[in-house]
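Novice: Residue numbering for the sequence shown is 1 to 992, as defined by my numbering.
If you're looking for bench data, these hints aren't it; they were derived computationally from the structure. Each hint should be verified, as a subset may be incorrect.
[As the list claims (entries may be wrong)] Subject to a maximum C-alpha distance of 25 angstroms in a straight line, what follows is the list of computed PhoX-like cross-link-like pairs (lysine-lysine):
| # | residue 1 | residue 2 |
| --- | --- | --- |
| 1 | Lys702 | Lys653 |
| 2 | Lys42 | Lys57 |
| 3 | Lys217 | Lys57 |
| 4 | Lys414 | Lys518 |
[Claimed, not checked] Here are the computed distance ranges between Cβ atoms for each label pair:
| # | residue 1 | residue 2 | range |
| --- | --- | --- | --- |
| 5 | Arg893 | Glu941 | 35 to 45 angstroms |
| 6 | Arg692 | Trp483 | 47 to 57 angstroms |
| 7 | Phe722 | Leu570 | 28 to 38 angstroms |
All values derive from a computational prediction rather than experimental measurement. For each residue, glycine too, the CB sits at the ideal point set by N, CA and C.
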Amino acid sequence: MDNSYIGMSSRYPRLFALGAALIVFFGFWAVDNNERELAIQKQKVELIEKLVVLRAKLGAGLTSNISAARVLAVTFATKPDLPEQEFKVLAAEVANANPSIRNLVLVKGTIVNYVYPYQGNEKVLGADYRKLPQQWPVYQRMMEERNIQIAGPLNLVQGGTGLVVRIPVYQHENRDEFLGSIAMVVNYDGLLEQAGIAQMQKEIQLAIRGRDAKGSKGEVFLGESSLFGSDAVTQSIILPGGSWELAALPLGGWQGATRLSRFIEVFGLVVCLMVWMLSYQSIIRHRQRDLNARSLRESEALLRLRNEALSATSQGVMIAGNDGHINYVNQAACHLSGYEQDALYQKKLADLFAPEVAAMLAEGSGEKKPLTLEYSRQSDPGQQLWLELLLTPVHDQHGHLEQYVALLRDITDKKLADKELEIAAMAFETEEGILITDDKLQILRVNKAFTRITGYEATEAVGQSTRLLQSGRHDEVFYTQMWEEIRLNHRWQGELWNRRKNGEIYSERLVISAVLGKDGSVTNYVGSFNDITEYKVSEEKIHQLAFFDPLTGLPNRRLLLDRLARALALSRRHQRYGAILMIDLDNFKTLNDTQGHNMGDMLLTQIGKRIHACVRADDTVSRTGGDEFVVLLEGLHEEVQHAASLAEHVAEKIRLTLSQTINLGHIDYESSGSIGITMFGVEAVGIDELLRRADMAMYQAKGMGKNNVRFFDPSMQAALEFRTAMETDLRHALMHHQFILHYQLQVSALGDPIGAEVLLRWKHPVRGLVSPLDFIPLAEETGLILPIGLWVLETACRQITTWASDPVKSGMQLAVNVSARQFRHIGFVGDVTRILHETGANPVLLKLELTESVVLEDVTSVIEKMHAIKKLGVGFSMDDFGTGYSSLSYLQRLPLTQLKIDRSFVHNLPDDVNNANIVRTIISLGGSLDLNVIAEGVETEQQREFLLQAGCLAYQGYLFCKPIPIEDFDEFISSRQYLKKADSPRVEIQVS
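When you get a sec, could you build the whole thing from the sequences and use the hints?
Specialist: As C-alpha cells, then:
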C-alpha cells in the first residue's frame with residue numbers, strides 16, 4: 001500500500017471515513033434511483049392508455065356532431081335562400097340523431113337568422129357576432145381561414161356553457177362568395193359526461209387547455225393550469241381548425257418509493273449525521289481561527305476609518321479619559337477651539353469649557369447624563385463664533401465610566417438664521433394684516449393684525465380658503481380680472497370689500513404678491529392689507545360735502561351741472577327730449593322772518609323729500625340755493641309734444657304735493673310753489689341758457705299769482721293748454737251725450753245698399769263738430785277710447801235691432817271701427833258678447849273693422865280673440881288694407897271676411913298706373929283667399945267703373961253717400977236716393 005495514502009488516512013482519518021461512507025451511500029442511491037424510474041415509467045404507461053381512451057371518446061363525440069352539422073352546411077351552400085321551415089326539419093333530424101347537440105343556428109353573414117330549437121334559445125335569434133366580444137374573434141378567424149372553427153367552452157347568450165362549432169358556408173358554384181355559417185352548440189357538460197371525465201378525475205389529476213381550439217396557446221378550461229408546467233403526461237386531440245391538449249398526473253404524484261429506497265434513505269440519514277458531526281468539529285476550529293484573524297483585521301480597519309473619519313468631519317471631536325484629560329482630538333476640534341493639537345493634549349476638558357463641564361467631571365462615578373451647551377468665542381478675524389458642545393460619558397458593560405466624548409459644532413449660521421427669523425417675525429407682526437396661502441389659496445399663516453381686522457383667530461383661518469372673507473359685493477368678472485393680472489405680473493393691488501367674522505362689511509387696500517419656485521411656478525401667495533373703512537367714510541363725507549346739499553341731502557348745483565351736461569349729450573345722441581323744472585317756494589321769506597331759520601330749514605328738508613317722491617329713481621332733484629329746487633327729467637320721449645306732456649304731468653304732481661299742508665312741529669304750514677319748465681333735446685342749447693329759460697318760466701308762473709306751472713315756450717304753453725282743455729272736455733263729452741254717429745252707405749255693383757260704416761263725431765257745444773283726427777289720438781293716449789268705443793259698439797248694435805223690423809234695411813250690415821287699444825283690452829271679447837246679448841242684435845249683421853297695426857302686434861293673441869268673436873257670428877274686415885306691412889303669412893291665418901281697399905289707392909284711379917296695379921293685386925289676393933273686397937273713397941263714376949272691371953263688387957264713398965246722421969240716413973234709404981246704373985251688369989250680390 002502506498003505510504004502516501006497511509007499517511008493521508010492517518011493524517012486525515014475523519015476525511016477518509018467520510019469518503020468511504022459517501023461511496024456506499026451513492027451505490028445504494030443508484031440502485032434505488034433505478035427502481036424508482038421503473039415504477040414511474042409503469043405509471044406513465046398506464047396514464048397514457050387512459051388519455052388515449054379519453055382522447056378517442058372526446059374526438060369521436062365532436063366528429064360525430066360535426067359530420068351531422070355538415071348536412072345543414074351543404075344544404076345552405078346549395079340553397080342560399082333556405083326556408084326557415086326546411087331548416088327546422090333538417091335541424092330536428094340532426095339534433096334527434098345527436099343528443100349532445102344543444103341547438104343549431106343558421107347565420108347569414110354575421111347575424112343569426114334561424115335557430116333550432118327556438119324555445120330556450122330566443123335570445124340567440126337576431127344576435128350579431130360583431131357585438132359578441134367573446135365569439136367575434138373566433139368568427140373572424142373562421143372567415144379568414146375558411147375552415148371549421150370551434151369556440152369555447154364559453155357562456156352562451158341563451159344561458160349555460162357549450163362548445164360552438166362554426167362551419168363556414170360559401171356559394172356552391174362560387175367558392176369565393178361567403179354566405180355565412182352553420183353554428184352548432186354542443187352541450188359541453190354532456191360531452192364531458194359521455195367521455196367519462198368525472199370518473200377519470202377521481203383516479204387522476206386531469207387538465208385540458210386550448211379554448212377556441214388554440215392548442216397549447218389556448219386557455220385552460222378544465223383542471224389546474226399548473227399541470228402543464230409540471231412533468232405531467234400530455235396528449236393532443238386534433239380538432240377541425242385546431243386542437244386541445246390534455247395533461248395528467250396521478251392523484252398522489254409519481255410514486256417511485258420501494259423498500260430498498262427507504263433503507264437507503266435511513267442509511268443516508270445516519271451517514272449524513274456522521275459526516276455532519278465530523279465536519280462540524282473541523283469547521284468550528286477553522287472558523288474560530290478565521291474569526292480571530294478577521295476580528296483583528298476589522299479592528300485595525302475600524303481604527304483607521306475612525307481616525308480618517310474623525311479627521312475629515314467638520315465637527316470637532318475630543319476624547320478624554322475618565323479624569324477628563326484629553327487623549328485624542330481631530331483637526332476640526334483644533335480649528336473650532338482655537339488651540340493647536342499639542343496644546344490640547346496638555347489640557348483637560350474642564351480647562352476649555354464652561355463651569356458646567358467642570359461640575360459634570362467633579363460628580364461621582366455614578367450614572368452621568370450627556371451635557372449640551374452653547375457658547376461663543378472671538379475668532380481670529382475678530383468675528384463672534386458660536387459653538388455647540390455635546391459632552392457624552394461612555395460606560396463599559398458594567399456601568400463603569402471609561403471616557404468622555406466631546407463633539408463641537410459650528411452653529412454660527414444657525415444663530416444668524418434664528419436672528420433673521422426673529423427679525424422676520426417682528427416684521428410679520430406689523431399693523432398691516434398679512435396672510436400667506438399656498439398655490440390653491442388655502443391659508444397657511446396669518447399675523448395678529450389679520451385677527452384684529454377680520455376677527456378670525458389664526459386657528460380659525462388656517463386651512464380655510466380665502467373665500468372665507470368675500471363680501472359678495474364683487475362679481476366673478478372682478479375676481480377674474482384680478483387673478484389674470486396676478487398671472488401676468490405676479491402682483492396686484494387695489495381696493496375691495498371684505499367681510500369680518502361678525503358679518504360686518506369693511507373696505508381694505510390689498511396687495512397680493514405671488515411667490516415663485518425655482519421652476520417659475522407659483523408656490524405661495526402673500527397678501528397684505530389695511531382696513532380703510534374709516535378713510536372711505538371720510539372720503540364719502542368729503543364727496544357728500546362737495547356734491548350734496550348738507551341740509552336736504554339732495555345734489556347741489558355742482559352735481560346738477562355735471563348731470564345736466566351728461567343728460568344733454570345723451571338726449572342729442574338718442575334723440576329723446578328731457579325737461580328742467582325750476583321750483584321756487586312761495587312766501588318762504590315770510591316764514592323765515594316770522595318763525596325763524598330753524599322752521600325754514602325744516603320746511604326745506606320736507607319739501608326736498610316730497611319733490612323726490614314725485615319723480616323717477618333716475619331723475620335728479622337738486623337744491624341749488626335758498627328756497628330754489630331744480631328737477632332734471634331725462635329721456636322723456638322722442639316727440640317733443642309728448643315729452644312736454646309728461647313734464648307737465650310731473651310738474652303738476654309736484655305742485656299738488658307742495659300745496660298740501662306741512663306740519664312743522666307746533667304749526668301747520670300751507671305751502672305752495674311756482675314751477676317753470678323748459679325742454680331740451682336735439683337743439684344745441686347751453687346749460688346756462690337752459691337754466692335761464694327755466695328761471696324765466698318760473699318767474700312767469702309767479703307773475704300769474706304763484707302756485708302755477710309755466711313753460712318757457714309760449715306756443716308750447718298754448719298747445720298744452722289746448723290739449724288739457726280738450727282732455728277735460730273729452731271726459732265730459734261721453735257723460736253729456738255729445739258723441740254722435742254718422743253712417744256712410746256701402747253699395748253693391750248694382751247700386752243696391754248692402755250696409756254702412758258708422759263714423760264717430762263729436763258735437764262740441766262751443767267748438768262745434770270736432771274732427772276725429774283731433775280727438776281720437778287723445779282718446780287713445782288717455783284711455784278714454786275704451787268707454788267711447790263701447791258706446792259706439794252698443795249704439796251700432798241697437799241700430800241693427802231697430803232695422804230688424806224694416807224690410808228694406810233689415811239685411812244691411814253695419815261696420816264698426818275698433819282701435820288697437822280697445823281690441824287688445826283683456827275684456828273685449830266679453831264686452832262684444834254682452835252687448836250682442838243685451839241689444840238682441842243679429843251678430844251676422846255686425847262687422848268689425850281692424851287696421852293692420854292692430855294685428856301686427858302679438859299676432860297669436862289677436863288671432864285667438866278674432867276666432868272667439870267669429871264664433872259669435874261677427875265678421876271682420878281689414879281696414880286700410882295695403883297701407884301697412886301686409887303679410888300673407890298672417891293674412892291667411894286671420895279669420896277675415898273682407899278686405900277694404902284704402903282710399904289713397906282709389907283717389908287717382910284709373911290714371912295712376914301704380915295705384916291701379918296695387919288695386920288689381922288686392923282684388924286678386926282677396927279672390928284667392930276667398931275674401932270679399934270693398935273699396936272706400938269712391939267719388940267718381942270712372943273710379944267705380946274701373947273697380948267693377950277689376951272685379952271689385954262693393955263700394956263706399958261720396959259718389960253714393962257722404963257720412964250723415966241716422967235720421968238723414970234712414971230718410972235717404974227710404975226715399976231710394978241711391979245711385980243705380982242702367983248699364984250695370986247683372987251680378988250676384990254678396991253680402992259683405
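Novice: Against the structure shown, which of the earlier numbered hints fail to hold, in ascending order?
Specialist: The structure breaks none of the hints.
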